[in-house]
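Peer 1: If you want the building blocks of each chain, they are given just below.
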Amino acid sequence: MHTKRHYSDLLPAMIFLLPGLVLFALFFLGPMLYSLRISFFDWKIVHPDQSVFVGFRNYQRALSDSIFQRAILNTFAYTVITVVAKMILGLGVALLLNQRMPGRTLFRVAYYLPVITSWVIVSLLFEYMFNGQAGLVNYILKDILRVIPKDVLWFADPILTLVPIILLDIWKGIGWAAIIFLAGLQVIPAELYEAARVDGANSLAQLRYITWPLLGPTTVFLVVVLVIGGLNAYVPFQLMTNGGDPMDLTHSVLTLMYEATFGRIDFGYGAAISYLLTVFVFIVSLIELRLMRQQAA
Amino acid sequence: MSEFANQGALVQLDGNLPDFDNIIKDTFPGPLSTNYWNGHYYGLPLDTNTQVLLWNKDIFEAAGISAPPATMEEFAAVACTINRSPSETRYGYAQGGTYFWAPAPIFYAMGGKVTDEEITTATGYVNGPESVAAFTMLKDLYDQSCMSPNLLGGGIATDAGHAEGTYAMIIDGPWMVDIYKNNYPDFEVNFAPIPTGPDGTTSSVVGGEDVVVLEGTANQEAAMKWAAYLLTPEAQKMMASVGQMPTLASLAGDPAMPPYFAVFQEQLKTAQARVPHPKWSDMDNAINNAYQRMLNGDQTPQEALDQAAEEINALLQ
Chain A
1292 MHTKRHYSDL LPAMIFLLPG LVLFALFFLG PMLYSLRISF FDWKIVHPDQ
1342 SVFVGFRNYQ RALSDSIFQR AILNTFAYTV ITVVAKMILG LGVALLLNQR
1392 MPGRTLFRVA YYLPVITSWV IVSLLFEYMF NGQAGLVNYI LKDILRVIPK
1442 DVLWFADPIL TLVPIILLDI WKGIGWAAII FLAGLQVIPA ELYEAARVDG
1492 ANSLAQLRYI TWPLLGPTTV FLVVVLVIGG LNAYVPFQLM TNGGDPMDLT
1542 HSVLTLMYEA TFGRIDFGYG AAISYLLTVF VFIVSLIELR LMRQQAA
Chain B
22 MSEFANQGAL VQLDGNLPDF DNIIKDTFPG PLSTNYWNGH YYGLPLDTNT
72 QVLLWNKDIF EAAGISAPPA TMEEFAAVAC TINRSPSETR YGYAQGGTYF
122 WAPAPIFYAM GGKVTDEEIT TATGYVNGPE SVAAFTMLKD LYDQSCMSPN
172 LLGGGIATDA GHAEGTYAMI IDGPWMVDIY KNNYPDFEVN FAPIPTGPDG
222 TTSSVVGGED VVVLEGTANQ EAAMKWAAYL LTPEAQKMMA SVGQMPTLAS
272 LAGDPAMPPY FAVFQEQLKT AQARVPHPKW SDMDNAINNA YQRMLNGDQT
322 PQEALDQAAE EINALLQ
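Protein chains in written order, with my numbering: chain A, 1292 to 1588; chain B, 22 to 338.
FYI, nobody ran anything at the bench for these hints, they're computed from the structure.
Beta carbons are placed, not taken as given, at the ideal position from N, Cα and C, and that holds for glycine.
Do not rely on the hints blindly, as some may be mistaken.
No more than 35 Å apart at the CA atoms, straight line, and that leaves these computed lysine-lysine pairs for DSBU-like [claimed, not checked]:
id, chain 1, residue 1, chain 2, residue 2
1, B, Lys300, B, Lys258
2, B, Lys46, B, Lys258
3, B, Lys78, A, Lys1441
4, B, Lys290, B, Lys160
5, B, Lys134, B, Lys300
6, B, Lys300, B, Lys160
7, A, Lys1433, B, Lys78
8, B, Lys160, B, Lys134
9, B, Lys78, B, Lys258
10, B, Lys160, B, Lys202
11, B, Lys78, B, Lys160
12, A, Lys1335, B, Lys300
13, B, Lys134, B, Lys78
14, B, Lys246, A, Lys1335
15, A, Lys1441, B, Lys160
16, A, Lys1433, B, Lys160
17, A, Lys1335, B, Lys134
18, B, Lys290, B, Lys300
A short, non-exhaustive set of chain A residues, derived as facing chain B with CB atoms under 8 Å [claimed, not checked]:
id, residue
19, Lys1335
20, Val1337
21, His1338
22, Gly1423
23, Leu1444
24, Ala1447
25, Pro1537
26, Met1538
Covered by chain A, according to a simulated footprint, are these stretches of chain B (three or more residues, beta-carbon under 8 Å) [unchecked claim]:
id, region
27, 28 to 38
28, 169 to 182
Bound-form chain A, shown alone:
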């Protein structure tokens, strides 16, 4: 039996939604669409009416620019390494924190603390720790453990620069992945484990046949969200590489976008970069969801 749609019900709903919708349109949708428009122009910010329509030229320029390609490589490598590490370590921590033990809440808090630290502050701290001449890491590696003969100039090398950036993200993100996994673990009925134990399954088998499959939705959620976050990395890259040092080899896609837009005042090019990233993130998310759904079936 169809319920009659009462428009008198719809009206109050719309009125409550309206403020949120207006704010969304004004501060998200509007600028996003305006930015899309800008990406097709050689945009002049002083006299916008003099901007020249260039079609897809900004996009073509980006895709054929070796600096942009390097930025994609950096961002991609960073995302893959940090997401895999956070998933594995996060699950490990979650399994540990799922046991009954004294001080469990304290440990959960401790593991989550890095998540709520300020990106800016911890980026600067890691920058100091990895300082090539006076940093803590070099001191430990060279003077205490004696595994390196000379100071490593972390931030002077285009590849080594990524090490502190990646380590920072993993350190900061394990807690969040762990908490999400914990929530997923709570939903698994204890009887399943009991039944398995009765059938003679050891911890590893329990993990493989019960925990992992039932964490499916949680895993999907985490992978999608962590990958989106990774591809959008900005703060640690900007602070630790100062915009691509050395020689524009350590950019993330967003630091390159920032430099193009606000450093070179090339708004059209910056907008094109940001939309290329958007499309890429969207496609990657779709692929992830598709793959994960197939696996679950």
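Mind docking chain B on chain A? Use the hints.
Peer 2: Leaving out everything else, chain B in the frame of chain A:
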């Protein structure tokens, strides 16, 4: 400056601002030239600064040297002979980075130029003999560990290193007085002119700010009056009292100036502005990358600067 002038954002001041020619007669040539674009002036030099040599007196005296180096040859020699106690690493000289502002004073003092006067080409200028000589000297200092590797990134900062005695000499600006007052109050900062190049003259690089009038303003006349006022001795003295160096040559040596201004104002007589062109950031980048390549040993200074010349020429098209 020229980037905005090129976009049509600024009002041309020569011919529009009353008494313009008289006002600019007293300004230092370097700061004034930063307002020049395409045959006209689009601003007035509001305050200026330059870089001079900072030398750590304690380290010098411990090494038996009583005065800062006067010529570039002395500078290179001192940088490499400054005492090194076995327990700590010490460098004779350190630069803040490889961006052009860092080697610029030495570059200009040794006769280096980025482009010709009319800004049409860089060939023969940024890769000319004087420019190559300047960068070769810096590369040699780096290779011999007389110059700190911090300039490649992620090392000890020049201001901290200088005060702590890790760097005997750095080249920096008048803001160091305030910085040291706050961070290293016991450190006595000593300034000296940039050592002279092979032809006996010194030079440095000009920094500072210009005051402009925006196109499309409803109060153009009033804005111009304000800009003109900011360049009167009265206004410039007021700014000097908060550490902003005046652009009026007549105020050099004026008793109202803080005493440490003296060496900077003397240096300003010979300091040169960086290329006033809308694409200067990209040119800076080209030289920056060339400097990195030569320090890494990927190219010789001549090869690296040749490549920079090509890249800069492309920007000048």
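Peer 1: Could you tell me which of the hints above the structure violates, numbers in ascending order?
Peer 2: none
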